[in-house]
Structure formats: structure tokens, C-alpha cells
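With these hints in hand, go ahead and build the complete structure from the sequences.
Counting in the numbering used here, the sequence shown runs from 5 upward without gaps.
No wet-lab data here; the hints were simulated from the structure. Source: prediction; values computed, not measured. Hints are supplied without guarantee of correctness; some may be wrong.
[Said to hold, decoys possible] Below, simulated BS3-like cross-link-like pairs (lysine-lysine); rule was C-alpha separation at most 27 Å, straight line:
{"#": "1", "residue 1": "15", "residue 2": "129"}
{"#": "2", "residue 1": "138", "residue 2": "28"}
{"#": "3", "residue 1": "67", "residue 2": "129"}
{"#": "4", "residue 1": "67", "residue 2": "108"}
{"#": "5", "residue 1": "177", "residue 2": "67"}
{"#": "6", "residue 1": "138", "residue 2": "42"}
{"#": "7", "residue 1": "154", "residue 2": "138"}
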Amino acid sequence: MHMTIIEVTKKLNFSINLTAETLKQFQPEVFFTRINDKWSPAEQAQHLVLSIKPLFLAYSLPKIGLRLLFGKPNRPTRSYEHLLEKYHTKLAAGATASSAYVPKQLKTGTSPEAVIKTFVDTHQKLIVKINNWKDEDLDRYLLPHPLLGKITLREMLYFTDFHILHHNDLIHKIYLP
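What follows is the structure in C-alpha cells.
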């Protein structure tokens, strides 16, 4: 059984809030600092914002536009767990973020609070877009994913949730061992 829009947005809200709370734990000098050439907490947050920006357009397009651009699914929507497994397989094989999703060096004087607010607000705006869709339509349309290929709109929501949690875990492993 797949998660409904209500269930997946509830899960997304939990993951967004959990990650925001993680990000709030850092003093500015740590928040913006890389350790062992790994993205700083600020860069992790910025990456998550960059990664969902294309979804604003996707969830705003008319359904016919999505169909014309990306075709229609030729298989049932995968479960959250199955999609997570596929993503972890790609990561284990060495997959990394493509250049469009690599965070830029933030300007001096940027506050951690502003970065965190952008992270939360951007994700909340996506949730508003998602709630304009009918639940059954999430399995009828596809979007391209840079690592996973074409996936259904529901699968993209699943990915968005565990992508947030993946980066929250990375912040913990690097900065809060």
C-alpha cells in the first residue's frame, strides 16, 4: 500500500522539522565550515533547497505537459522502501549530486537562521503544491530523477523525504558524532 498525499506530507513535515532542528544546533563558525572537504551544514541545507526547486515547476505544470514531456508510467509505483533501496544502491556505486545541485559558497555575513528559514520555507511551498494534486494522479505521471531515471510523482515525494533524512544523517555523522 502506498502512502497517501496526507501521509507523505506528514512524513515530509516531520523530516523538514527534524533537519531544521539539527541545523539549529550549530554556531555560525561551524555551520559554514567544511570538515574533511564534506559539505558544511549550511551547504547541506542549500543542496536540499536546490534539489527541490525543479519540483515547483513539475507540480505546477498541467498534467498534459507532464505526459508530453516525460511519458506515462509502464510499471506500478514502487514502495517507499523499494525506492530507498534503489537509491542506496546508486549511492554505493559512487553516484553523487550533479552540478546543478552542488551548493555554492555562501556570502560572508549570511546568517544560519536565514539559511534554515530558506530550507523550511522552500520545502513548505512544495508541500502546498503537492496538496493541489489528487492522490491517484501521483501514480499516473512521471518526472526525471538524475540518479533514478523516470519515477512517478509519488516516488519523487518518497525520494524527497528520504533525501532530507539522508542529509540530516550526514550532518550528524560529520558534525555530531
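Hints, one by one, checked against the model:
{"no.": "1", "hint": "15 to 129", "verdict": "holds, 15 Å"}
{"no.": "2", "hint": "138 to 28", "verdict": "violated, 34 Å"}
{"no.": "3", "hint": "67 to 129", "verdict": "holds, 19 Å"}
{"no.": "4", "hint": "67 to 108", "verdict": "violated, 33 Å"}
{"no.": "5", "hint": "177 to 67", "verdict": "violated, 40 Å"}
{"no.": "6", "hint": "138 to 42", "verdict": "violated, 39 Å"}
{"no.": "7", "hint": "154 to 138", "verdict": "holds, 20 Å"}
Against the hints set out earlier in the document, violations occur for numbers 2, 4, 5, 6.
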